[in-house]
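J.: Here is what each chain is made of, one letter per residue.
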Amino acid sequence: MITIDRISKTKSRTQILHEVTFEARPGRVTGFLGPNGAGKTSTLRILLGLDRPQSGTALICGRRYQKLDRPLLTVGALLDGSGAHRARTARAHLRWVAASNGLPDSRADEVLEVVGLTGDARKRAGRFSLGMSRRLGLATALLGDPAVLVLDEPVNGLDPAGIRWMREFLRDSAAQGRTVLLSSHLMGELAETADDVIVIDKGRIVIQGGLADVIGDHRTLEDAFFELTATEAGGPW
Amino acid sequence: MSPVRAELRKLLGLPTAWVGLVLGTLTAPVVLLLNAPYTRRAIAAGTLTDTSDLGLRDLGIGLIGPIVLGVIVVSSEYTSTGQDAPGARQLTATLAAVPDRLRLLVAKATALVLVVAAQAAVTTAATLTLTQVLYGEHAPAPAPARVVAAILYWTLTALLAYAIALISRNGIVPLTLLIINSSVVSVSYLLTKVTDLASYLPDIVGAQMFIGSADFPVEIAPVTAGLVMTAWVIALLVVGAVLFERRDV
Ligand SMILES: Nc1ncnc2c1ncn2[C@@H]1O[C@H](COP(=O)(O)OP(=O)(O)OP(=O)(O)O)[C@@H](O)[C@H]1O
Ligand SMILES: [Mg+2]
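Chains as they are written, first to last, in our numbering: chain A, 1 to 237; chain B, 1 to 249.
Incorrect hints may have been included.
Rough simulated footprint, nothing fancy, chain B against chain A, three-plus residues with beta-carbon under 8 Å [claimed, not checked]: (1) 29 to 39; (2) 48 to 54; (3) 76 to 83; (4) 86 to 99.
Quick caveat, the hints were computed from the structure, so don't treat them as lab data.
Bear in mind that the values here come from a model prediction, so they are computed numbers and not experimental data.
All residues carry an ideal CB built from backbone N, CA and C; glycine is no exception.
Just chain B, same shape as in the assembly (with noise of 0.2 Å):
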């Protein structure tokens, strides 16, 4: 329990983490609101007729929290302590504090999960009663099931960056990685027009685990979109643990 606990207060501690935390919960809801106007027009024309997934949808866009949450885990061990040591890093007090390494990397995903899983249950529950709001008898009440879904791709999608951090040992690679993929290009989503075995990579995969209606290429269960979006992340999480585990510090 002790490591949790700390592990949780070094994230908390960490001003890039508030910057995580108030982006992904703050950026679902604005664009929800920018929306809006728009929005409305399309529906009054009925251009806009399928309205089961407003809000949910808008959720994808909050994603740069967990993922910056997730690497800053990690990255945050790694970076140099000052110009007087440059090869000191926090790393060396987190092992000397808990040297059990895979007891270590549970601490910090337990904590990480904690962390993003309050976040996505606020955003969730802000863009959805924003949607009630702004729309009224217009959007439906998404099924409990989808929610409780959108609440998982955030924690899987966070536990994802964490994965991909524990293996490259740093933060630039994971960020550029997965921000870029997740806002301004989606090298995934131009995959999927090449191969349909595109759909199956986890950006693409996971949004499936609460979004229907949208314009997937192939079409996947949500049950199954999850499953996928945890073998992803599990196989990931094996593979830095591996790695963690074996390497000098």
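Isolated chain A, as found in the complex (with noise of 0.2 Å):
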């Protein structure tokens, strides 16, 4: 259970998020959509704790994520790259993060094969390509196997074959029981992945609710989001 309520941040003098409020339930998959610069990462930071709200809360289960003891068994979390320094290998990488959180060596090569990149554990992070780097960060997600996913545009750089699996990878954690929340602004995709959708543009959450409402009298949830975000289709799209 992911509950945001009321957040504000500024940043560089700028209001970039205006009392931003929403739920991800568990058993369902939430996708939260907007156009570049809406401000999905900058929410998703301070869910994670990494940037502070000027006001409001952001709580995982009914707790702000830096009072997690051990978080990566409650929350796995993917933003941008993949978190690894680029003279690591996969599999040091995957091992010193376990290890902050008293995990096993042995979830490094378990996570790296969920996410096909057994045949990678070798090789040095700054050496991935953009696919292999996200595949690699949702692993990093994986290894406390949390009841909370958080993920930030977790298609992006996937290839074709990449983009079913997560497909099928969400809709299963959702299945068991899981909190997932991601990002995106690719609306087919979110259309066929998520169970809920919110909205969000200019900082503003303009809609949130089940996916059929969300949509309404629209032909698809595309037509809905233009009309919301008063984007012109054929604009910058």
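Join the two chains, each given in its own frame, into one complex according to the hints.
T.: Written out as structure tokens, the structure is:
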């Protein structure tokens, strides 16, 4: 369960989030949708305790991320890149992360297998392609077998097989009762994966609800999105 | 405990850390060996009479080791992890794993102290043994307290580098500052020519923790020197920790 309550954030004197409020529930895939610069990454960074909001609270299972003792056992997060230092091998990276939360070394090879990187375990992270980095980042998120997944643009950089795999992985995770929150600007992708949709634009939540409710009278999620964010189709998109 | 173990692994898994470990451990003994012919002649000729600092005196050159280690504990968190995502850094993974920032800083400092104290002990032992072998009875073994003080000085220097890196959030500033100051031109030493207060700068005062007879402009007792050095380290660590605690990543 993720609860974001009236988060406001100002960066470089510009307010980038305005009282952002929403929930992501267990057993469901929640899609966090918005155009570039809308505030998706900023919101997720606050949720993960990386940045501080000016006001408001972001809770995971009722607690602030900073207050979780071995957080990887509760939350798996994927942001930009893999988080692995370029000089480290994939396995070495995963092993220190595992150790930090009291997990055994053997978890490293297990999650490498899950994301299909077994053959690259001894390769340095600096040599990884974009898609491989994303997979390594996801492997890191899965180390503690968490009940909550927070993923920023998870399919970014993945090949078609990887995208399909990710979609099934997220659906399975939710089916097993996990809370899955993912940001994206790929509407077609989200329409196939998400149960609930939250749309953010210019730092404000413009609509949230079940996928069908958000689509409403529109033909597709994409139509609804353009209507809601007042971005002309054929404009910058 | 787990965060300390993780930080030890992170540090020892970096190639740059091994540069610091090897350089720091070997430089002092090698310099001692290179100087040996000259020192022997000086002893024979009677121009070098105070031999109580032989060995310990050369330890300063090895400080490059603790400086590099102290800096990269922090700077490795801030280097970009790849061109695909320029803003992505290891720090994101680190804080996701250990979100309590103070706890993280303590774990990092503990790992650093363990590694540097071990390195300092090995280097000091090697340097002093070599001094015995080279000069025999001309070089009396230093008092144990001075040996401990030397190891402590190395450790404090590593923590000083760590604190400065925390404040600057990169490796270039502290490395340039500390390495140039400790090897090429000592700005601190030049300053002591201008004002006696400069004698209380960390690198000048720190050396007096274990080197007695050198020509320091203001003589400071070893214990006082140790306390002043510790005060510097604590002050900078507090500034670094407060900034780290407050800043967005
Ligand atoms: N360090 C910063 N200083 C000032 N403004 C910033 C900073 N970081 C982000 N912003 C601004 O915050 C807003 C939200 O950015 P954010 O990265 O959260 O968007 P996003 O929804 O993730 O976009 P994208 O789809 O491109 O990833 C943008 O307008 C951006 O310019
Ligand atoms: Mg983003």
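J.: If a hint holds in the structure, say so; if it doesn't, say that too.
T.: For each hint, the structure was consulted:
1. 29 to 39: violated (count 0)
2. 48 to 54: holds (count 5)
3. 76 to 83: Our answer is that it holds, as 6 residues pass the Cβ test (under 8 Å) against chain B, meeting three.
4. 86 to 99: holds (count 9)
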